[in-house]
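Undergrad: Read off the chains here:
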Amino acid sequence: MTNVLVCVKRVPDASSEVVLTADGQSVDGRFAGFTMSTHEECAVELAALVTAAGGGEATALTLGDAEAVEQLRAALAVGCTAATHVVADPQRFGPADVAREIAAVVRDHEAAGRSYDLILLGNDAADSGDFQVGIRLAYELGRPVVNGVTHVSVADGVVTASGAGTDGYETYRVPVPAVVTILEGGVEPRYPTVPGRMKAKKVAIEERTPAGEPTGPNRVKLALPPPVPSNVQILGKGADAAPAVVDVLEELGVLSR
Amino acid sequence: MIVVLVEKGPDGLAVEVSRETVTFARSLSEAGGGVAIDAVVVGEVSDALREQLAAYGVRDVHRLGGEAYDSFAGAAWAAGIESVLAATTTVVVMAAGTPRGNEVLAHVAARRGVEMAANVLTFGGLSPFVVTRQVVGGQALEEMRLGNRPAIFTVAGHAVEAAPAATPGAATLVEHAPDVAAADLIARVVSSEEPEPDLSGDLKSAKVVVGAGRGAGSAEGFADLVELTELVGGSMGVSRVVTSLGWRPHHEQVGQTGSRISPDLYIPCGISGAIQHWAGCSSAKAILAINTDADAPMVTKATYAVIGDLHEVVPAINAEIRRRRGE
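Taken in order, these protein sequences are the chains called A and B. The opening position of the first sequence corresponds to residue 5 in this note's numbering, with each subsequent residue numbered one higher. The opening position of the second sequence corresponds to residue 745 in this note's numbering, with each subsequent residue numbered one higher.
Isolated chain A (complex conformation) (with noise of 0.2 Å):
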């Protein structure tokens, strides 16, 4: 048996363009949507399968607002069990402050009975990009923490986790109950299916309140890059273009072989 606690975060898709809202404190996703962040997708995934493969159960957590559920739904429908929602403002809670909030939450379900073998994480979120909510995480919890994996499986109460690294192909091995956090790349996401979307609406999600007053991301403001200004030559539309085309690939030198 392994339980799995995997913790995703609510973050404004930005594979188009960003907008800032009016107070600059964080991005608008109002326009281009919202979703969970890619390592998280992965480390979904691998809840799912760590889970699948030694029983137990894949729970996810988020901090978000409200509307955060629709990430918790996704990972229901792709493998999780459980869920549970710290609902507040992310806005006001900086790393440390989630560190501490997702630690309360595994306290009091440990105390409950609901051990954590595994915790899974993104090795840093799309939006803040703070790359240290897994290992403070951990140091609340006085856990080891395995950082920026793409591989990880449990067996006989320890984790192996490895990925491409610094070093060459490297690989850690850690007793449960452990942190990891997760870069993408070493599984593909599932897509949800029709009869694990329907399951995934049916499970009662436990909703909380933060456990303390966050101290905040020590956030000034948010600003975007000033524009940089368009000097393209326009070589010409369609087909037609060719011949000015391969005239430039003849300056560059690129060519000639």
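These are computed hints drawn from the structure, not numbers from a lab. Accuracy of the hints is not assured; some may be wrong.
To be verified - With a straight-line Cα cutoff of 20 Å, these simulated EDC-like cross-link-like pairs (lysine to aspartate or glutamate) come out:
hint	chain 1	residue 1	chain 2	residue 2
1	B	K948	A	D32
2	A	K225	A	D32
3	A	K241	B	E1064
4	A	K225	B	E887
What the hints assert, rightly or not - Derived list of chain A stretches under chain B, where covered just means 3 residues or more per stretch with a C-beta under 8 Å from a C-beta of chain B:
hint	segment
5	66-76
6	107-115
7	127-140
8	239-251
Claimed, not checked - Pairwise CB distance ranges (calculated):
hint	chain 1	residue 1	chain 2	residue 2	range
9	B	A830	A	T25	36 to 44 Å
10	A	G37	B	E774	27 to 35 Å
11	A	I238	B	E964	43 to 51 Å
12	A	P230	B	A927	43 to 51 Å
13	B	G869	A	E61	45 to 53 Å
14	B	S988	A	R96	27 to 35 Å
15	A	D93	B	E964	43 to 51 Å
16	B	D1039	A	P247	21 to 29 Å
Just so you know, even glycine gets a beta-carbon here, dropped at the ideal spot from N, CA and C.
Mind docking chain B on chain A? Use the hints.
TA: For chain B alone, kept in the frame of chain A given last:
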């Protein structure tokens, strides 16, 4: 004093991003009245490395040695940095915004109960100490206060250009063999294998890269692009959507989560230029974009552009190259 965690490459010298970080530290030092810059290095410190760090203005090189440092453990590296902090009066701890840099400094920040800023580009005032860092994959900038000491942050790649100091430092070697707690060695690399043959190696070093995005339309839509790649003697590089859809293998991905390329010429075809992708190709010396949308970010940021469907433009270019070669 400013402490910089310096990472080494396979040649045992400081990697470029670490040299950039020391360069950044010098501008901070100058603004702060010339506080000393010390480096922390894990493992071997060669004379060549010391000379290099001296040229960058480093005063002391703190070497972390002992069994705890035989293989990587984020907490052990942090414990080593803490032992350097204990022996000095340090106001700033910095590292490059690499996987190791971000990980180790997050450990240091968590242990000391202070905040950490990842991927900093510039610093504003010293009092209060304010930095500007990349968020949302570089699409937005965040001004962040670092109120506690030491101020801990990592520096984004290419935030500054690495440059030696006007006045070299002594780079005096200071040995540390800290007593690392067993708890800090639990999460430790137990095996590191030669990386799988790096199929993206050709892509990263290619002089010409032909890029393709969603506009390719399907896995079958790459024939003309592959031909163009061969005609220019280049490599194929694709956007994330192309690998996500399984049209091309992951090692061809260019972008924030793929390879970062710096060819003489990049030819993105049907790639709109989302920042995720731009992060991987912005170092190209010239860009020739082929896109149906004249307002696509890739087109406006390009050196040259052709407005049109890649499935019409690319075959015409291929034919023109073959014609000029008399084929």
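Undergrad: A separate judgement is required for each hint: does it hold in the structure or not?
TA: Okay, the hints, checked on the actual structure:
1. B:K948 <-> A:D32: violated (35 Å)
2. A:K225 <-> A:D32: holds (13 Å)
3. A:K241 <-> B:E1064: holds (15 Å)
4. A:K225 <-> B:E887: Answer holds: A:K225 to B:E887 is near 5 Å, not above 20 Å.
5. 66-76: That given contact is violated, which follows from only 0 residues of the segment 66-76 of chain A lying within Cβ reach (below 8 Å) of chain B.
6. 107-115: violated (count 0)
7. 127-140: Three-residue rule met by the segment 127-140 of chain A, so holds; n is 10.
8. 239-251: This one holds; 12 residues, not fewer than the three required, reach chain B with a Cβ under 8 Å.
9. B:A830 <-> A:T25: 36 to 44 Å: Given about 43 Å between the Cβ atoms, the range holds.
10. A:G37 <-> B:E774: 27 to 35 Å: At roughly 45 Å between Cβ atoms, B:E774 and A:G37 fall outside 27 to 35 Å, so the hint is violated.
11. A:I238 <-> B:E964: 43 to 51 Å: violated (29 Å)
12. A:P230 <-> B:A927: 43 to 51 Å: holds (46 Å)
13. B:G869 <-> A:E61: 45 to 53 Å: holds (49 Å)
14. B:S988 <-> A:R96: 27 to 35 Å: holds (33 Å)
15. A:D93 <-> B:E964: 43 to 51 Å: holds (47 Å)
16. B:D1039 <-> A:P247: 21 to 29 Å: holds (25 Å)
Comparing the model with each numbered hint stated earlier shows that hints 1, 5, 6, 10 and 11 do not hold.
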